Amino acid sequence: MFELKNLRKSFGERVLFEKLMLEIGEHEIVSILGPSGCGKTTLLRICCGLDEADEGEILLRESLLARRIINPEIGMLFQRPVLYPHLDVGANVGLGYPHGAPNEKKSEAVEEVLTFVNLGGFQGRNIGQLSGGEAQRVAFARALLQSPNVMLLDEPFASVDTEQRLALASQTRTWLKERSISAIHVTHDEEEANRMADRIIRWSDLVSH
Amino acid sequence: MASSSSQVNVHPIQWGVIVVVVSAGIIPLLLGVLRLMQVTQASPINAILHAFDTPLATEALQFTLLEAALSTLLTLLIGIPLAWSLGRYEWRGIRGMRAFLFVPFVTPPIVAAAGFLALYSSGGLLPFMGLDLRTETGVIQWFSELSGWAHPGHMLALVLAHAWFNLSLVVRFLEPTLAQMNPHWEEQLLLLPGGQSWWLRVRHLWWPVLGPSLLVAATYTFFFSFTSFALVKWLVPGANTVESLLGELGGSAGIAFYRTEASLLVLGLALIQGAFMLIILTGASKFENQHTKMLALHDEQANRKLRGNAPRIQRWYVFAIITITSLPFLSVLIASFRKRAMLEDGTQGWTWTLDGWRQVYQGDASTITLLEALGNSLTFALLTLLIALPTGYALASAFHRLERQGKRKLANSLDIMCMVPLSASAVMIGLGIVVGLLQWFPSMFQFQYLPVLPHVMLILPFTVRIFRPAFTRLDPMYEEQIELLNLPLFRAWWHGKGAFLVGPFAIATSLCLAFSLGEFGATYLMVRVGSWDSLSIMVDQLLSRPKFDPLVMPTAMAAATTLMVVTFTALLVCEFVRKSTGGTDDV
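For the record, the sequence lines run as chains A and B.
Take the first sequence: its letter number 35 is residue 35 in the numbering used here, and every next letter is one higher.
Take the second sequence: its letter number 48 is residue 48 in the numbering used here, and every next letter is one higher.
FYI, nobody ran anything at the bench for these hints, they're computed from the structure.
The structure displayed is predicted, hence computed values, not measured ones.
Part of the chain A face toward chain B, derived, beta carbon under 8 Å:
id: 1; residue: Cys-48
id: 2; residue: Leu-50
id: 3; residue: Ile-70
id: 4; residue: Gly-75
id: 5; residue: Met-76
id: 6; residue: Tyr-84
id: 7; residue: His-86
id: 8; residue: Leu-95
id: 9; residue: Tyr-97
id: 10; residue: Pro-98
id: 11; residue: His-99
id: 12; residue: Gln-146
Partner residues are not named here, just some residues of chain B that face chain A (Cβ under 10 Å, in silico):
id: 13; residue: Asn-182
id: 14; residue: Trp-185
id: 15; residue: Glu-187
id: 16; residue: Gln-188
id: 17; residue: Leu-189
id: 18; residue: Gln-196
id: 19; residue: Ser-197
id: 20; residue: His-204
id: 21; residue: Val-209
id: 22; residue: Gln-290
Note that beta-carbon positions come from the ideal geometry of N, C-alpha and C, so glycine has one too.
Between the sequences and the hints, there should be enough to build the whole structure, so can you do that?
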């Protein structure tokens, strides 16, 4: 349902990847395993429209996605949870609430996703009071509220300790599966990938330089 | 953290300094009000009501509010794109650009007034470009007739000068926020429904993040435009702001059985102005607290690198603003060498001459010579420095010690009391001394260094503002280690504190010198009774001479150029000291 065809990206003389091909199925979670700095993050940024590929196509349900245009059907979780300090937990999650949907149901929807990620009752909390794991779960709740068809996860557990990271990876897999969301997860940690993915692809198998 | 009580307790001398400073800030103002109440036999409420019933006062108040609002609007319109371009992209020599854009803010107001006068007057750049703001002919006359507005040219001249003066405030508050903003905030929002439209991004990100910085810059711009004196005096003939009206009437206020009407008006206007300024500064302080919370978010260099160079149109805009910023300075310099003259073909033109410099040097057109005025200005500036620097240091140190004792509220309350002179304008401080102190204690008329008093009162809050955060950043570990080494007093101070405070010392020194050299409002009221002309007063006196004499402008501009060069030299020397001793930037 989500396809990357012959993607190429370079920075000046340095070719980051070319002829990159990837296809993920409906509700499938794919982990891409690769070392730091290889271009995994850039690939995800291209997938969601924050960056532009030099060549190639991105298709969602066989429709070609326009280049560098943000598609609301694709959500992304950054390496460090991006939470806005001027907003409380509820308002941060509320940013994922579909624009134009009835406003009176917003608070209920926010509480529902927060409860889903085991943060029920956190709506009024200040962002500064959250632990690293809680902050990432808030960001995840926001992404869930957005109800994307494809979720891009850019080493989302890198800022928490090993024990929490593996627990969060398992939980995230459960949450994605329960909501039937396809995902591309990039990491350099094999154990994390094992907990998350239906299929693991090594970066070296994905690209040819 | 363990520390000896001697290091944390406020020293009795420091308590003495606090008492003297608070008294010196409040007593002259109180005495001034009491004196005016005594000679007018009116209560403050009656004086305020009387001012609202007097056309001269209401017109001044309306004009002040209008020019301050327009100045703020124009400053923001020019400043926001400038700060945006500077803050978001990579610039070669960004520190130099920032420093240059800050120069107008520390330029003596009378030099700025002279610069703009040279730009607007016949032979200046603006009339050459077809914009006659001074005598309001051409397009300005057309606009005036169309709109029915009596002097749109004068208002535009003033508003442009205020925007030039306050532009650095917008850059100072907005640019670091933009430069240090987490770039992922923007990107994440683009991917969320809450950031799908331009308006939603403004609502959820740009306004919460930039709003406080914008409001701080706007309130301070409004404040400085509201209390503008020298620029109003010289660019808007025939109209008054509350500040310039107070300056005009102040000389004859507070004298028993003499022009009681003027005293009553001064009392009413000063109280109205005080109330306005208190409201503005309270707002500014609230916004500044919110602004501080938004700072230091992300690595500035990494952010700039991410976005690369600015688009061409933004590069041109920044360079255009930098060029325009330098125009008043260049105009002052050029006008000091140029004299109006009849040319050989019988037409009116300009010739190059050193006569203006000769005349100002010899003092032919003024009560004293250039060197005497320079000597007075430097004496005032050095005395101000000698008093304000150690006093500001002692106050900041005392507040820091109170904070370390857990008495933060007491420290903040005392700090606010020391800030009282800041909530009064320069003219009001001058009036406080002239009406408050001198009318009660006439023997002080004899004291030739009297202008130093208002200079110190006005600069002290700034020096405390510079030292207080520097003290907070000091690691007490160094001080504790020094205590254990049993070093002599000065060496202990230097290694425990002094070496870490070179940057703040240099910045406070440059501000003290620049401020005192350029101070106009309070000195204007002082020297009329003390007859000790400073350079800024000399420029004002020279500009006041009848303009049929072709040497009036070059002579005044030569004096203004001297003041400009002396001020910038003082700033440059301090900057050199700060850099060569490894002083920090973040004050």
